[in-house]
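Based on these hints, arrange chain B on the given structure of chain A.
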Amino acid sequence: MRRLVTDTLIIAERNLIRLPRAPELLIAFTIQPIMFVLLFRYVFGGAIRTPGYSYVDFLIPGIIVQNIAFGGFVTALGLNEDVHKGLIDRFRSLPMARAAVLAGRTASDIVTNALSMTILLITGVIIGFAFHTSALHAIAGVALLLFFGFAFSWFFAFVGLLTSTPESANSVAFIAVFPLTFISSAFVPVSSMPEPLKSFAMVNPFTKVVDAMRHLWLGAPAHNSVWASIVWTVVIIAIFSPLAVARYRRAAGG
Amino acid sequence: METDHADPAWAIEVRGVVKRFGMVRALDGVDLVAKEGEVLGLLGPNGAGKTTLVRVLTTLLKPDSGSARVLGLDVVRDEGKLRERIGLAGQYAAVDENLTGLENLTMVGRLYGADRRPAKVRAAELLEQFELVEAGRRPAKTYSGGMRRRLDLAAALVAKPPVLFLDEPTTGLDPRGRLGLWDVIESLVAGGTTALLTTQYLDEADRLANRIAVIDHGRLIAEGTSDQLKDQVGGERLEVQLEAGADPRAAARALVPMSDEPPSADGTIITVSVREHRGAIMEAVRRLAEAGVAVDDLALRRPTLDDVFLALTGHAAEEPREQEDEAA
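The listed protein sequences correspond, in order, to chains A and B.
So the first sequence is numbered by my numbering: it starts at 1 and just counts up by one.
So the second sequence is numbered by my numbering: it starts at 255 and just counts up by one.
For reference, chain A alone in the conformation it holds in the complex (with noise of 0.2 Å):
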């Protein structure tokens, strides 16, 4: 177990140590969060209505959300070059623990969401989204929020070790999440979408999570949200750990 840590701990400063080296992926987290978040507040946002807030206070948990959910795509091509440069032969040859590989991945996961979510709430706090309840709220916001990312690591790890190329990792996880973001809560409100897009995003996780994200940073009512959240991400952690373990072991030929 402790070299389980170690180990995990080992890959994952791995993962972050290269991540400046590679400006595609950085501007990816950076840049491209902030233009969206430009985009629907200052194109969009004038035409929805958001009763009871502000569009900006509206869209950050939403749009936070979503990219959270795509910050665990880092693991998908991680693992995908892993593979195919052969550097999971290498570390497979090593008595390192085995389960390492992917921890440290999504461990890392973690961190880097953590990062363009503090990229976002500043981008958002400079253009007038405020918290609006006490700071417990928030700081639990921020911890759900990172768990969510965590179960979408599991994901991505998944469709990385799946797909033969980066590039089709890249169309599987766009054609999957990105609708996804969209038909839920994140951006417009529910209520303003047709049948049955509309009976989607109520049960869609997305819509799930973002509900919760309202509740703990603006006091928007909780009804199941935060529970629902919760089960999701614990629900999405227990079908894809698995699955990308098992994928895991048949990427590695073993």
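None of these hints come from the bench; they were simulated from the model.
For every residue, glycine included, the Cβ atom is placed at its ideal position computed from N, Cα and C.
Take these hints with a grain of salt, some might be off.
[Unchecked claim] Below, in silico cross-link-like pairs of lysine-lysine (BS3-like), each with a Cα-Cα straight-line distance of 27 Å or less: (1) A:K85 / B:K395; (2) B:K316 / B:K289; (3) B:K414 / B:K374; (4) A:K85 / B:K316; (5) B:K414 / B:K316; (6) B:K414 / A:K85; (7) B:K395 / B:K414; (8) B:K374 / B:K395; (9) B:K395 / B:K289; (10) B:K414 / B:K335; (11) B:K374 / B:K335; (12) B:K289 / B:K335; (13) B:K335 / A:K85; (14) B:K289 / B:K484; (15) B:K374 / A:K85.
[Claimed, not checked] If the Cβ cut is set under 7 Å, some of the chain B residues that face chain A in the computed set are: (16) T312; (17) L314; (18) R337; (19) E338; (20) L342; (21) G344; (22) N352; (23) L353; (24) M361; (25) R364; (26) L365; (27) A368; (28) P393.
Chain B alone, transformed into the frame defined by chain A:
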């Protein structure tokens, strides 16, 4: 199980190993041993099963049947212990391109269980040994192919493993890079490390290995020292270049008594494997003159491993084959 009586004298011991990928038998009952301190060359074309065997021996793949041991440790039952005692340098230079040479080697050292500081000291030592001190501070993506291979090799040596697996260490390198890496490998194994070296280059096996095992279609087809293998295909080769217009059939007929095998003719070049190399040139000149065949040039040469491969498998060693991706 008979595999429980492993002979500790063997550093590498492979008994009847079979590995299938779908319908393809990548390894079809391979038996192979290597003594401690020996460099065993595993020679074969692409898709012959070399990489698959290395992957079995380094615990990356489990054999479907048969058994394999390294230093007496079973690749399946003792995989954890075994991994502490081996180093693997792969075909595709498995280093992290975004880490520097120093970071790569330090990471590998820590994953072998060393603390950060000693891992870093060892990494610096290896960078020096492999003449990568300068490059050690740059990300590996800036390295040349040869430098990457050296770094990959250094990564395999981090824990000073008693047994090394070098899977096609020079494939894809330019001639200068190959020669450089040969020097490095030679000085490594001079220190008494046991090594299994796979290659599809005959000259590489000839130069680096004490003993050569030839593998094709997942089976071992020959084994021995380079000299023994060359002897297997008969004695030395006499090559006769005829003058234009000379009759190759008459020339071949004239040389028949000198060999146990029929001479082969390729245009105006006649090749015959001679029984006795002493006096062979004189005898050939006399016989050809008696037959009235005009000769342009005449030479005696030792058979190369190319000849060995051709004789054993019926095809040349480096001819491209269909099962490219045996590692899949």
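Verification of the supplied hints:
no., hint, verdict
1, A:K85 / B:K395, "12 Å, holds"
2, B:K316 / B:K289, "23 Å, holds"
3, B:K414 / B:K374, "14 Å, holds"
4, A:K85 / B:K316, "21 Å, holds"
5, B:K414 / B:K316, "25 Å, holds"
6, B:K414 / A:K85, "24 Å, holds"
7, B:K395 / B:K414, "25 Å, holds"
8, B:K374 / B:K395, "20 Å, holds"
9, B:K395 / B:K289, "37 Å, violated"
10, B:K414 / B:K335, "15 Å, holds"
11, B:K374 / B:K335, "23 Å, holds"
12, B:K289 / B:K335, "20 Å, holds"
13, B:K335 / A:K85, "26 Å, holds"
14, B:K289 / B:K484, "22 Å, holds"
15, B:K374 / A:K85, "24 Å, holds"
16, T312, "5 Å, holds"
17, L314, "5 Å, holds"
18, R337, "4 Å, holds"
19, E338, "4 Å, holds"
20, L342, "4 Å, holds"
21, G344, "5 Å, holds"
22, N352, "3 Å, holds"
23, L353, "6 Å, holds"
24, M361, "5 Å, holds"
25, R364, "5 Å, holds"
26, L365, "4 Å, holds"
27, A368, "11 Å, violated"
28, P393, "6 Å, holds"
Taken one by one, the earlier hints fail for this structure at numbers 9 and 27, listed in ascending order.
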